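Student: Sequence:
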Amino acid sequence: MRQASPTHQGPRPRLVEVDIRDPLGTPFHYLPSERGKLVAASGTIEFRIDRRSGVATYLQIVQQTRRALRLGLLEPGDKLPTAREVVEATAINPNTVLKAYRELEREGLVEARRGLGTFIRKTLGASPAADSPYRQGLADWVASASEGGLDREDMAALFDSVLNDHFPQENS
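Quick note: the sequence shown uses my numbering, first residue 1041, plus one each step.
FYI, nobody ran anything at the bench for these hints, they're computed from the structure. No experiment lies behind these values; they were computed from the predicted model shown. Heads up, a few of these hints could be off.
As the list claims (entries may be wrong) - Lysine-lysine pairs mimicking DSBU-like chemistry, simulated, CA-CA at most 35 angstroms apart:
| no. | residue 1 | residue 2 |
| --- | --- | --- |
| 1 | Lys1139 | Lys1119 |
| 2 | Lys1139 | Lys1162 |
| 3 | Lys1119 | Lys1162 |
Stated by the list, open to error - For each label pair, taking beta carbons as the anchor points, the in silico distance ranges come out as:
| no. | residue 1 | residue 2 | range |
| --- | --- | --- | --- |
| 4 | Leu1138 | Ala1185 | 35 to 45 angstroms |
| 5 | Asp1194 | Gly1094 | 32 to 42 angstroms |
| 6 | Ala1197 | Leu1099 | 13 to 23 angstroms |
| 7 | Asp1205 | Arg1106 | 36 to 46 angstroms |
| 8 | Ala1185 | Ala1096 | 17 to 27 angstroms |
| 9 | Asp1194 | Ala1129 | 31 to 41 angstroms |
| 10 | Asn1133 | Ser1186 | 35 to 45 angstroms |
Each residue gets a CB set at the ideal place from its N, CA and C atoms; glycine is no exception.
Generate coordinates for the entire structure from the input sequences, incorporating the hints supplied.
Tutor: Structure below.
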């Protein structure tokens, strides 16, 4: 069993894990020994890199950061991991991480503070009050689709298809 670091101070942060491949963003519990999933904990994020996805590595980092912002897992003021930390966790080139962070900065989502790190500047998520009717509607749809015999992959494919119909210019 893995023990906590002796330098850890204070209460453990609440951990939430989101499977990045899941277009519905279904949350489930994070196990600290698991690697490779988007994890937000007190402003910390680990990136899942899928080398077989056909999506550029830096774009995967950008997309996963946007997803965490939309879900409210990262908030303004939260610090992103350093390029070195991302490289150690994912074995990618540090320039790739820096390219992703520059793209996020260009979009106004993060800001680099010399000597301090890269910090979240703004969120993409709607307020909880604004998105709750949509979340409930989506939850109702998932329950109905499940009762109708659709499994998770079927629902994800159907959801992606509808999104692609509504946002054709963003299809990649």
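Student: Each hint should be assessed against the structure and marked as holding or not.
Tutor: To see whether the hints hold, each was checked on the structure:
no. : hint                                   : verdict
1   : Lys1139 to Lys1119                     : 17 angstroms, holds
2   : Lys1139 to Lys1162                     : 19 angstroms, holds
3   : Lys1119 to Lys1162                     : 12 angstroms, holds
4   : Leu1138 to Ala1185: 35 to 45 angstroms : 41 angstroms, holds
5   : Asp1194 to Gly1094: 32 to 42 angstroms : 22 angstroms, violated
6   : Ala1197 to Leu1099: 13 to 23 angstroms : 21 angstroms, holds
7   : Asp1205 to Arg1106: 36 to 46 angstroms : 21 angstroms, violated
8   : Ala1185 to Ala1096: 17 to 27 angstroms : 32 angstroms, violated
9   : Asp1194 to Ala1129: 31 to 41 angstroms : 32 angstroms, holds
10  : Asn1133 to Ser1186: 35 to 45 angstroms : 42 angstroms, holds
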